[in-house]
Amino acid sequence: MRLRASLSAWRTLSGFGLLLGTLFFCAALLPSLLPRSTLSQGVLAGAALAAGYGVGVFFRWLWRYLGLSEPPERLRSPVNVVIAIICAALAGYFLSQVTGWQNSVRLLMGMAPVTSGHLLEVVLTALTTFLVLLILARIYSLLSGYISRHADRFLPRRVANVLGVLLALALFWSLVSDVLVTQALRALDASFAQYDALIEPESAQPESPLRSGSSESLLRWDELGRTGREYIASGPTAEEIAAVTGRAAQEPIRVYVGLRAAEAPAERARLALRELVRTGAFDRSVLVLVTPTGTGWIDPAAMNTVEYLHDGDIASAALQYSYLNSPLSLLVEAEYGADVARALFAEVYRYWSALPADQRPRLYLHGLSLGALHSQRSWELHELLGDPFQGALWSGPPFKSELWRRITNDRDPDSPQWRPQFRDGRFVRFMNQHGTPEPPDAPWGPMRLLYLQYASDPITFFDYRYAWRRPDWLSAPRGPDVAPSLRWFPLVTMLQLAVDMAVTTPTPPGFGHVYAPSDYIDAWMTVTEPEGWGEEGLIRLKAHLTQELNAAAEQDSSEAAYDNRGG
28 MRLRASLSAW
38 RTLSGFGLLL
48 GTLFFCAALL
58 PSLLPRSTLS
68 QGVLAGAALA
78 AGYGVGVFFR
88 WLWRYLGLSE
98 PPERLRSPVN
108 VVIAIICAAL
118 AGYFLSQVTG
128 WQNSVRLLMG
138 MAPVTSGHLL
148 EVVLTALTTF
158 LVLLILARIY
168 SLLSGYISRH
178 ADRFLPRRVA
188 NVLGVLLALA
198 LFWSLVSDVL
208 VTQALRALDA
218 SFAQYDALIE
228 PESAQPESPL
238 RSGSSESLLR
248 WDELGRTGRE
258 YIASGPTAEE
268 IAAVTGRAAQ
278 EPIRVYVGLR
288 AAEAPAERAR
298 LALRELVRTG
308 AFDRSVLVLV
318 TPTGTGWIDP
328 AAMNTVEYLH
338 DGDIASAALQ
348 YSYLNSPLSL
358 LVEAEYGADV
368 ARALFAEVYR
378 YWSALPADQR
388 PRLYLHGLSL
398 GALHSQRSWE
408 LHELLGDPFQ
418 GALWSGPPFK
428 SELWRRITND
438 RDPDSPQWRP
448 QFRDGRFVRF
458 MNQHGTPEPP
468 DAPWGPMRLL
478 YLQYASDPIT
488 FFDYRYAWRR
498 PDWLSAPRGP
508 DVAPSLRWFP
518 LVTMLQLAVD
528 MAVTTPTPPG
538 FGHVYAPSDY
548 IDAWMTVTEP
558 EGWGEEGLIR
568 LKAHLTQELN
578 AAAEQDSSEA
588 AYDNRGG
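Count the sequence shown with the numbering used here and you get residues 28 to 594, in order.
These aren't lab readings, by the way, just hints derived from the structure by calculation.
Where a beta carbon is used, it is the ideal one built from N, C-alpha and C, also for glycine.
Heads up, some of the hints might be wrong.
[Stated by the list, open to error] If you anchor each label on the Cβ, the simulated ranges turn out as follows:
id : residue 1 : residue 2 : range
1  : 196       : 492       : 12 to 22 Å
2  : 90        : 196       : 16 to 26 Å
3  : 492       : 413       : 46 to 56 Å
4  : 469       : 495       : 30 to 40 Å
5  : 495       : 179       : 26 to 36 Å
6  : 185       : 535       : 54 to 64 Å
7  : 291       : 378       : 10 to 20 Å
8  : 91        : 432       : 40 to 50 Å
9  : 96        : 182       : 25 to 35 Å
10 : 169       : 231       : 51 to 61 Å
11 : 131       : 533       : 17 to 27 Å
12 : 196       : 441       : 18 to 28 Å
13 : 533       : 427       : 19 to 29 Å
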């Protein structure tokens, strides 16, 4: 009986669908922007197999719907056997190349090669993923047919069929987007919030009154949240800065307002402003408004560097808006947090712009990942025309960044998408591991907007349209960290980049979505132009911060500053 049931299930599969699905499966084994784990490779290959099979089934249905001639039924089984042999041969060959393809990406990024692609685990994971998606598709088909049969009683047959398809699609979409995804994310956000509230802070409460959570602060230490405590506890002291620079230094001011400090974004923004005023932040030379990642994390590689570069004569402020991982938030709820970034900017800018221009700090914005997206949305052009802030550094800008996309699309036609050049570079520039396309002495306008991005960052270079359109960044010349063997395939490339965003192998600093301290130094030098730095001093600072990053990676602590690397 089981054998008969298995054969019956096999006969219900589409031979053309299996062939197209196998081609998609093979394409999914090719390298993308980042190295993959065994699990992510298996899930990706299974999803691609299901997607190709679905496309094949659709074309078979369309062929029949148009009334075109079909091969005799007696040829169906032999043809399916031939197709199965072809599929097995193709899959076997491509699976044998997986290790080499993954090592080609790892080699570009200076990672140790893997000795095995764990092919059995990949195949089993892929088949499991395919079967789950196939079962869901057949449930959808049954639901659509059920609706069509009942609608057929009072509607024309073709209208009833269309109605069944649309209603079933609407029901599935609502179930997935509104129930399974959105509600699940909100539940995760709430559970992480409760977990964060229950744990005791591991980092010691700061003694300096210039940091949030100190005994003189308006904010309690346990209110900052785990990521807030990481940020406050991780910054360099005046003594540490002076030891590296050889110059007198001040204690950097750090302000962080966690989600539990106040309910409404406007209330948290007012708390941040009061804390800035209390600490004397507006008497410093530089003030940076930071929008964290989705988890509330702020990259130490970004903020430590700018504090060293300005000898500690700097203040920064941030508001937490979520506990969720940035890639997940970005894919399903990218608006989550824009109101918080806007509230902080509006509150601080209103106070800052009322101060005499020669008696206030230079004002900059910063954000990584989802923080970069929201930071770009925090200001409006009309309010800055008479009194602009000095600039912004946005690293790893997500693909949903409207300003980034508009400027990238309007770039000079001779510049590549992964490092565009926008007109004369006076307003905005793009930087990667090798600097900007503009020369270092090129003049700026009144505002300096700089995007720090790597060509291998899928959060920046993902696009839903890659399902049917070849990415511009695959054209020559390619980015220095993009594998030559990466090829575009309809639908598959989009799936590859989606997996790269959500589940991938961590990369070394300087690749993917992990931004290196040395690149942050070059970026902050370009945006803020700190004085007193020569080439020798910058080399020494880069070496120190790289060593600090490597040492932090070896820490075994749930509140280590680099634990949420990548956001």
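Tested hints:
no., hint, result
1, 196 - 492: 12 to 22 Å, "21 Å, holds"
2, 90 - 196: 16 to 26 Å, "22 Å, holds"
3, 492 - 413: 46 to 56 Å, "38 Å, violated"
4, 469 - 495: 30 to 40 Å, "38 Å, holds"
5, 495 - 179: 26 to 36 Å, "34 Å, holds"
6, 185 - 535: 54 to 64 Å, "57 Å, holds"
7, 291 - 378: 10 to 20 Å, "18 Å, holds"
8, 91 - 432: 40 to 50 Å, "41 Å, holds"
9, 96 - 182: 25 to 35 Å, "30 Å, holds"
10, 169 - 231: 51 to 61 Å, "60 Å, holds"
11, 131 - 533: 17 to 27 Å, "18 Å, holds"
12, 196 - 441: 18 to 28 Å, "44 Å, violated"
13, 533 - 427: 19 to 29 Å, "23 Å, holds"
Violated hints, listed in ascending order, are 3 and 12; each of the other numbered hints is respected by the structure.
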